[in-house]
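Here is how the chains run, residue by residue.
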Amino acid sequence: MAGAAAAERKAIRVLLVEDEEIHRVLARALLKAAVGGVVLDEAGNGAEAVRRVREAGGGYDLILTDRQMPIMDGHEATRQIRALGVTTPIVGLSSDSLDADVDAFIKAGADHFTPKPLSKEKLNRILAKFNLA
Amino acid sequence: MAAANQLTALLNNMFATGLLDEQFQQLQLLQDPSAPDFVSEVVTLFCQDGERIIAELAKLLEKPTVDFDRVDAFVHQLKGSSASVGAQRVKNTCIQFREVCQQKSRDGCLKTLESVKTEFYDLRGKFQTMLQLERQVQGLYPK
Numbered sequence: 001m002a003g004a005a006a007a008e009r010k011a012i013r014v015l016l017v018e019d020e021e022i023h024r025v026l027a028r029a030l031l032k033a034a035v036g037g038v039v040l041d042e043a044g045n046g047a048e049a050v051r052r053v054r055e056a057g058g059g060y061d062l063i064l065t066d067r068q069m070p071i072m073d074g075h076e077a078t079r080q081i082r083a084l085g086v087t088t089p090i091v092g093l094s095s096d097s098l099d100a101d102v103d104a105f106i107k108a109g110a111d112h113f114t115p116k117p118l119s120k121e122k123l124n125r126i127l128a129k130f131n132l133a
Numbered sequence: 001m002a003a004a005n006q007l008t009a010l011l012n013n014m015f016a017t018g019l020l021d022e023q024f025q026q027l028q029l030l031q032d033p034s035a036p037d038f039v040s041e042v043v044t045l046f047c048q049d050g051e052r053i054i055a056e057l058a059k060l061l062e063k064p065t066v067d068f069d070r071v072d073a074f075v076h077q078l079k080g081s082s083a084s085v086g087a088q089r090v091k092n093t094c095i096q097f098r099e100v101c102q103q104k105s106r107d108g109c110l111k112t113l114e115s116v117k118t119e120f121y122d123l124r125g126k127f128q129t130m131l132q133l134e135r136q137v138q139g140l141y142p143k
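So the sequence lines, in the order shown, correspond to chains F and W.
According to full-length UniProt numbering, the residues represented by the first sequence are 1 to 133, in order.
According to full-length UniProt numbering, the residues represented by the second sequence are 1 to 143, in order.
Honestly, I wouldn't trust all of these hints.
What the hints assert, rightly or not - Derived pair list, reagent style EDC-like, types lysine to aspartate or glutamate, alpha-carbon separation capped at 16 Å:
| no. | chain 1 | residue 1 | chain 2 | residue 2 |
| --- | --- | --- | --- | --- |
| 1 | F | Lys-32 | W | Asp-32 |
| 2 | F | Lys-120 | W | Asp-107 |
| 3 | F | Lys-122 | W | Glu-22 |
| 4 | F | Lys-120 | W | Asp-32 |
| 5 | W | Lys-104 | W | Asp-72 |
| 6 | F | Lys-129 | F | Asp-61 |
| 7 | W | Lys-104 | W | Glu-62 |
| 8 | W | Lys-104 | W | Asp-67 |
| 9 | W | Lys-63 | W | Asp-122 |
| 10 | W | Lys-111 | W | Asp-72 |
| 11 | F | Lys-107 | F | Glu-76 |
| 12 | W | Lys-117 | W | Asp-69 |
| 13 | F | Lys-120 | W | Asp-21 |
| 14 | W | Lys-59 | W | Asp-69 |
| 15 | W | Lys-117 | W | Glu-56 |
To be verified - The calculated label-pair distances, taken between Cβ atoms and stated as ranges, are:
| no. | chain 1 | residue 1 | chain 2 | residue 2 | range |
| --- | --- | --- | --- | --- | --- |
| 16 | F | Gln-68 | W | Asp-32 | 27 to 37 Å |
| 17 | W | Asp-37 | F | Val-39 | 22 to 32 Å |
| 18 | W | Gln-132 | F | Gly-85 | 26 to 36 Å |
| 19 | W | Leu-61 | F | Leu-84 | 35 to 45 Å |
| 20 | W | Asn-92 | F | Asp-99 | 17 to 27 Å |
| 21 | F | Gly-85 | W | Asn-5 | 56 to 66 Å |
| 22 | F | Gly-85 | W | Ala-58 | 39 to 49 Å |
| 23 | F | Ala-128 | W | Gly-125 | 53 to 63 Å |
| 24 | W | Arg-135 | F | Val-39 | 43 to 53 Å |
| 25 | F | Ala-11 | W | Asp-32 | 18 to 28 Å |
| 26 | W | Thr-118 | F | Glu-121 | 29 to 39 Å |
| 27 | W | Arg-135 | F | Arg-125 | 34 to 44 Å |
| 28 | F | Glu-42 | W | Pro-36 | 50 to 60 Å |
To be verified - A short, non-exhaustive set of chain F residues, derived as facing chain W with CB atoms under 7 Å:
| no. | residue |
| --- | --- |
| 29 | Ile-22 |
| 30 | His-23 |
| 31 | Pro-117 |
| 32 | Ser-119 |
No wet-lab data here; the hints were simulated from the structure.
The structure displayed is predicted, hence computed values, not measured ones.
Ideal placement from N, C-alpha and C gives every residue a C-beta, glycine not left out.
If we strip away everything but chain W, and leave its shape as in the complex, we get (with noise of 0.2 Å):
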């Protein structure tokens, strides 16, 4: 399959199967030959801030004494992101995590931080492999 089918195929796949949600639509609406790259620079943002976030909540977790408003300041702050980039899932799951957060549960918040992660990888995976076609559409087709 040419690489423009597949990466079709694979956006399509990701909104039948609720990782990414109509913000992302915006962000691709706002790639033009002025900004060829925006689409990217959003969602490697989004990667680069969702690493830090989860190294950041990992470690505040594991404290003995857990600061529950830094674990939700950085969760909402992961929240703000997935939502700016169309990143449904790994939203509802921050929105998940912010109330078991509320009922200061370290083993509520650890266990959501795994649902995070799982949501997060599976996004970021995507994303790369998009990229790449991205890079190999824009490679067989120069402007």
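For reference, chain F alone in the conformation it holds in the complex (with noise of 0.2 Å):
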């Protein structure tokens, strides 16, 4: 039935920002697994993040980056995406998560940080934390 109720609802679209394979292959499935109906785009670097970001208009629902990443990070990456006067919820992620690296995603532009590796939970309480569930 939540399955059912899940599916009535209006896809989501979501970037996400991440270098690594294993990762992609993780967030793919948890977000398929989560939301009812999901439209994903992905970006292997910031740079990517933010040309994709700017070709949408500012059209996503959500946004999850990851920190390290050749070419430009996940903190210039969010910082870029701001300067656009984008609103869109971004969500920093990283295996690395003592304060100093929670503060300098916030400080970047982002609503909120998750340490990584994503889970059905930690991805449940992002999406309820913006509406999206």
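Both chains are sitting in their own frames, so use the hints and assemble them into the complex.
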């Protein structure tokens, strides 16, 4: 029944910014399992993420971004996305989760931080926090 | 013992000895008829990442001047990959490795790399057995 209710909800559009395949595979599966409908775009680094956000005209419901990536990291991508005037919720992800790691993401303009690895419970909390569940 | 029983016993042992943590159960829960090879896919990616990163670390630590920032970045990657698959002991050894790396100790890094290798190859061997048993179970009980 819960699955049917989820399927009736409007699909949400998510941008996943992650350079490592293992994390992308996990996030894809979790999003598919957690959300009734998800349109998932992926970017392999921060520069690609900024380009995708610009092209989408800020049309994402949620952006999940890793920190350490080649070319442009998650902090800089977050800063540049905010500089575009985009208000989409941005959630920073990292396996480093000291206060300084969290603060750096928030300072860059992220709304929230979740330590890796991503799990069903963590993703559900993110979706609930931004009224996407 | 039937393959299914062997598989259960192997996984129970891997959890009991701390090789795996609850994150691996997350992967098992995500495997369903629409993604029947999900666990195998993630485990294979982890094994490939681990081998590549261990080789890179060995090369970096052989150089006359060690770039500890690069060493740390590779260990960070392996830590993240281990955490995603629930490879608890590999992840914990990576945490130790990063502490040693911050002290910029080549000898410490080389010693900890050996610990990472031991934990990684032990787990990889068990994962290979697990995947073989899964294939046998699927072969015995085709969908």
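Next item on the list: Note whether the CB distance of W/Leu-61 and F/Leu-84 lies within 35 to 45 Å or breaks it.
Entry: Given about 42 Å between the Cβ atoms, the range holds.
Margin query: Min Cβ distance, F/Ser-119 to chain W: is it shorter than 7 Å?
Written below: Hint on F/Ser-119: holds, closest Cβ of chain W at ~5 Å, below 7 Å.
Item checked: Given pair status - W/Glu-56, W/Lys-117, alpha carbons within 16 Å -> holds, 12 Å
Margin query: With the threshold set at 16 Å, check whether the alpha-carbon distance from W/Lys-111 to W/Asp-72 stays at or below it.
Written below: Holds - the C-alpha atoms of W/Asp-72 and W/Lys-111 are around 15 Å apart, at most 16 Å.
Checklist line | Residue hint F/Pro-117, partner chain W, criterion CB-CB below 7 Å | finding: holds, 4 Å
Note to self: Against the 16 Å threshold, does the CA-CA distance of F/Lys-129 and F/Asp-61 hold or violate the hint?
What the structure shows: holds, 12 Å
Check: Is 17 to 27 Å right for how far apart the beta carbons of W/Asn-92 and F/Asp-99 are?
Finding: Check passed, 21 Å falls within 17 to 27 Å.
Notebook entry, point to check: Using the C-beta atoms of F/Glu-42 and W/Pro-36, is the stated range 50 to 60 Å upheld?
Noted result: Between F/Glu-42 and W/Pro-36, where Cβ atoms are some 23 Å apart, the hint is violated.
Notebook entry, point to check: CA of W/Lys-117 to CA of W/Asp-69, is that 16 Å or under?
Noted result: Not satisfied, since the Cα-Cα distance of roughly 20 Å exceeds 16 Å.
Margin query: Verify the CB-CB distance for F/Gly-85 and W/Ala-58 against the hinted window 39 to 49 Å.
Written below: Distance hint for F/Gly-85, W/Ala-58 holds at roughly 47 Å.
Note to self: Run the distance test for F/Lys-32 versus W/Asp-32: straight-line Cα separation, threshold 16 Å.
What the structure shows: holds, 12 Å
Checklist line | Given pair status - W/Asp-67, W/Lys-104, alpha carbons within 16 Å | finding: Holds, at about 9 Å.
This entry does not satisfy hints 2, 9, 12, 18, 23, 24, 28, going by the numbered hints stated previously.
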